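Assemble the whole structure, with the sequences as input and the hints as a guide.
Residue numbers (the numbering used here), protein chains in the order written: chain A, 1 to 345; chain B, 346 to 660; chain C, 661 to 1005.
Treat the hints as calculated values from the structure; they're not laboratory data.
These numbers were taken from a predicted model, which means no experiment stands behind them.
There may be inaccurate statements among the hints.
As a list, the in silico SDA-like pairs of lysine to any residue whose alpha-carbon atoms are at most 25 angstroms apart [unchecked claim]:
#1 C/761 x C/868
#2 B/472 x C/748
#3 A/212 x C/941
#4 C/824 x B/583
#5 C/824 x B/349
#6 A/282 x C/941
#7 C/914 x A/291
#8 C/824 x A/291
#9 C/761 x B/568
#10 B/579 x C/770
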Amino acid sequence: MTVTEPSSISAEASSDTIVEVRNLTKHFPIEKGLLKRTVGQVQAVNGISFDVRRGSTVALVGESGCGKTTTGQLILHLLEPTSGTVRFEGRDLAGLQRGELRRLRQRMQIIFQDPFSSLDPRMSTLSIVAEGLEVHGIASGKQKVDRVVELLELVGLSSRDLRKFPHEFSGGQRQRIGIARALATNPEVIVCDEAVSALDVSIQAQVLNLLKDLQAELNLTYLFITHDLNVVRYISDEVIVMYLGEIVEQAATEDLFENPIHPYTRSLFSAVPVVDPDLAEKREPFLASGELPSPSNPPSGCKFHTRCPFSCEAATQQIPETVEFEPGHRAAACPCYTTDGVRVR
Amino acid sequence: MTQLIVKRLLSGLLALFLIATFLFFVMRSVPGDAIDIQLAESGLSEERITEVKDEMGLNDPILEQYADWASGIVRLDFGDSLVRDESVLDIILRRLPVTLELSFLAIALSLAFGPIVGMLSAIRRGKPSDAILRVGSIVGLSIPNFLVGVLMITYLSEWFGYSVPIGYQEFWESPWVNLQQMILPAIALALSVGAATARMTRSSMLEVLGTDYIRTVRAKGADERMINTRHAFKNSLIPVLTLVGLQFGGLLGGTVILEAMFSLPGLGSQVFEAVRTRDYPLIQAAALVYGAMFILVNIMVDLAYGWIDPRIRAS
Amino acid sequence: MDTGGLHAETSDAVLSVRQLRTEFATRHGQVAAVSDVSFDVRPGETVALVGESGSGKTVTALSIMHLLESTGSIAGGEVIFEGRDIAHLEEREMRSLRGEKIAMIFQDPSTCLDPLFTVEHQLAEMLHLHRDITDAEARTRALELLRHVGMPDAEARLDTYQHKLSGGQRQRVMIAMALALSPSLLIADEPTTALDVTVQAQILDLLRTLADETGAAILFVTHDLGVVAEMADRVVVMYAGQVIEQGRVREVLKTPQHPYTAALLNSMPGNAAMTGQRLEAIDGSVPSLFNMPHACRFAPRCKHAFDRCTVEPPPVHELGSDRNARCWLSDPSESWRRQPAEVST
Ligand SMILES: Nc1ncnc2c1ncn2[C@@H]1O[C@H](COP(=O)(O)OP(=O)(O)OP(=O)(O)O)[C@@H](O)[C@H]1O
Ligand SMILES: Nc1ncnc2c1ncn2[C@@H]1O[C@H](COP(=O)(O)OP(=O)(O)OP(=O)(O)O)[C@@H](O)[C@H]1O
Ligand SMILES: [Mg+2]
Ligand SMILES: [Mg+2]
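Structure below.
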């Protein structure tokens, strides 16, 4: 068991690391009045560090407002971080020239949540999918159309759909178009921001299977943002649990589901309804009380202490350190469940 | 909330200052002025004309004139009328009450009928009465108010042999005569504001009636009357308020013509006259008064918002 | 075919819906959003109405309450509430049932409370509508109710407006309001779908406790089979406006008889993740109301469909007490087609 500082994670970052996030922080100013005085900060993301291995799927989970989307956008450099770095293949995104950043963007794409509003209703499938090809000057004319057809076939649509408009498709089909659009530039990393959350389970299953197949075929790396733990368990290799802008626990998927350590992770898991009636009966409730505090005025010490089932005094003062409890399984070691970095309950 | 009002007051003052400055320079840049017109008709010699203008400060450098005028305003001294032998402030104080009464009456009429008509129209959506009310409100919106004035004067005398009592009487002298003199121009003015509020209330009410919280009230077992009057109507007034504030500007503009048309001795008919005679001090001061009225009404609208909507009250 | 099961018990049910058909007038003519729905809810029981988006769950719930939009109406069938058919009850009589005997809570708590009235006003309104009480009594009762639904700092919350409450707190107010007059039936339309899982768990817990206490029956609309497993005694599965299977939760989830129910269970990522299987997606999408398959509505997507399924609409086959399925495979003459392995999950 070792106490791991973010810097020592960096030492571990191996050659197959494609995205490396260090002490990433994003605070949004809260502005008020005519003069836009800053009256506070929304601490959307607060000093998080992690690595993403090439070809793997890392899931980012947590409740609404915990900073998942912000993290995804920071990684794509769609938002400027307040501090901290994001490295893509070892290169710091913050230091890049515009042109370089644009070329890098081709290799990192995003798929959004809502298949109904993320596609422009006045654009045909062809122009939606081809947009990236044109913007990045990858293909044009006949070549472009061929590539779009190829992409559509890859996601289970066909050349017949080229001239159709978004309203002519079902939700699952629209999400396929979104995926085809993301794939157009041959990206290596795809951020899926709640990409299947708005879909019915039967359709969600189609899209999840598609994403898995594409990953195997194209060696894609996914950063999979979701609040649905069942989806996480199915799709991801590694899971990062966030709470109020911070990482509370991080582990390989099976390790995390078999042995959740942090009280927040445990209460999150215990809150997910289980379909199997036998399992549902056996489960012991371990529920967080109350609701998410405001990220503009987070609790002191361990941010989870206001809702923690083990309410303990020390947690209100002491900011927990990240401890590696098992190889690759880190969690914020709050005094409410650890003593000297050793788990006691 | 108080903070909001203070902020509105300050920005209102700033707006007034800008209006004043703009008017001052625009008026001066128009060729020909009141004195030229008046004096040219009086047959005085060139020298005498220059002398008179000097006395009045009309030959000073323009910035100096501006500074004089601006500092006067702060002391509520708008100078003297160029045409009448009277200070502008006196004229305004004498004339303003008539205009205030007329505008108040017009707004009161449009608020008494507009929202209710809009609500009824929304409740009876698709029924013949809704169609009639909607057509009515389009007509109300599209007829210019002076035309309404003309039509009323003409047809009331033609069909009913009624004509408005001549010779303006103040309200406390003879309320009955005064109201007869006021009510027709007030109706003419209220028509378009009322029609606009009716339309806005209708569409906003229809939107509110489709919301989840109205469904909640229905699910509680409330009857339609309670749903419409207590919940839906109140919620639908929020956008209507903004509209009323904005429409007030148009209404003030309307008073100018209608006062002249109905021979009401208000500020409007005075302005009508002053424009013709290029009586700048008076025009400028009147414009400021109108501006101030508009801003005050909109501050009242803000207050009303806070009264209706707790989300605004809190901020 | 056993026809006794459902009908024999109609008399003791709080609510029995029989062959409900609800139509909407649209620009393209009349469409039936709900075309054949029958189920019972018995006193104190929680029945889940489950199905994918557009299957007609909300329309069924709103039909019972007579809260459909003006373009919609009950075009056939019966809604028997406490022994009386209320399908065509006059609005005035319906009003005295709503809130008093049948209460309802909705999906999105953030839009369900009137923004211009205090929490107290809205709670008291419910009491005043059906009881002859003074304002002071109403306030006392409102406070009691808020405390009862676990509202933190209940006294202060009485005078606040909904914009100051969190999603979970708003739903608590809705629940307090719904249960204020101890209705015999509570209809809950996806009451936790808009909430985070930890808050969802709290609200589900609250509903369970209160239903036990007051003896209210619950018709629980949801699309989440996990929530079904946790909340309900019996489940009614809907597809394209029809009930396709119903029965006790444990039986339906363990041994689904309709291929759609089975496929839905197999497309849940939680199950597949634990067994390491690939998700079984259901191909295609839900048919449009304007273009319903005229025989079995699920046939075009069904892996087990055979010729009869596309020709003859399957009847509802009774399968023992409280259990039925609308599928030809449940017909004794076709049962040879069924391989036992295919129906168990
Ligand atoms: N542009 C912005 N300006 C100010 N605050 C913001 C902005 N974007 C996000 N936030 C705040 O930052 C916090 C984190 O937001 P974020 O969208 O990353 O959460 P999330 O985990 O994706 O939540 P969800 O599950 O609801 O999508 C929230 O409190 C949000 O209100
Ligand atoms: N007012 C309406 N006019 C026309 N069609 C309607 C109307 N309301 C609902 N429908 C249709 O009725 C069908 C059933 O809708 P319903 O809202 O009951 O679905 P649901 O099962 O509640 O789905 P969800 O899970 O998305 O809430 C849908 O196809 C819908 O388009
Ligand atoms: Mg998000
Ligand atoms: Mg619904």
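Comparing the hints with the structure gives:
1. Restraint check for residue 761 of chain C and residue 868 of chain C: the C-alpha separation of about 18 angstroms stays at or below 25 angstroms, so the hint holds.
2. As the CA atoms of residue 472 of chain B and residue 748 of chain C are separated by approximately 23 angstroms, the hinted pair is consistent with the 25 angstroms bound.
3. At most 25 angstroms may separate the alpha-carbon atoms for a hinted pair to count; residue 212 of chain A and residue 941 of chain C meet this at roughly 13 angstroms.
4. The hinted pair formed by residue 824 of chain C and residue 583 of chain B meets the criterion: a straight-line CA distance of about 19 angstroms does not exceed 25 angstroms.
5. As the CA atoms of residue 824 of chain C and residue 349 of chain B are separated by approximately 20 angstroms, the hinted pair is consistent with the 25 angstroms bound.
6. The suggested pairing of residue 282 of chain A with residue 941 of chain C is violated, with an alpha-carbon distance near 28 angstroms, which exceeds 25 angstroms.
7. Using a Cα cut-off of 25 angstroms, the hinted pair residue 914 of chain C and residue 291 of chain A is violated, with the two alpha carbons roughly 34 angstroms apart.
8. For the hint linking residue 824 of chain C to residue 291 of chain A, the alpha-carbon distance of about 13 angstroms falls within 25 angstroms, and the restraint holds.
9. Between residue 761 of chain C and residue 568 of chain B, the direct Cα distance comes to roughly 16 angstroms. Compliance with the 25 angstroms bound is thereby established for this hinted pair.
10. A hinted pair counts as satisfied when its Cα atoms are at most 25 angstroms apart, and residue 579 of chain B with residue 770 of chain C qualifies at roughly 19 angstroms.
Hint violations for this structure: numbers 6 and 7, all remaining hints satisfied.
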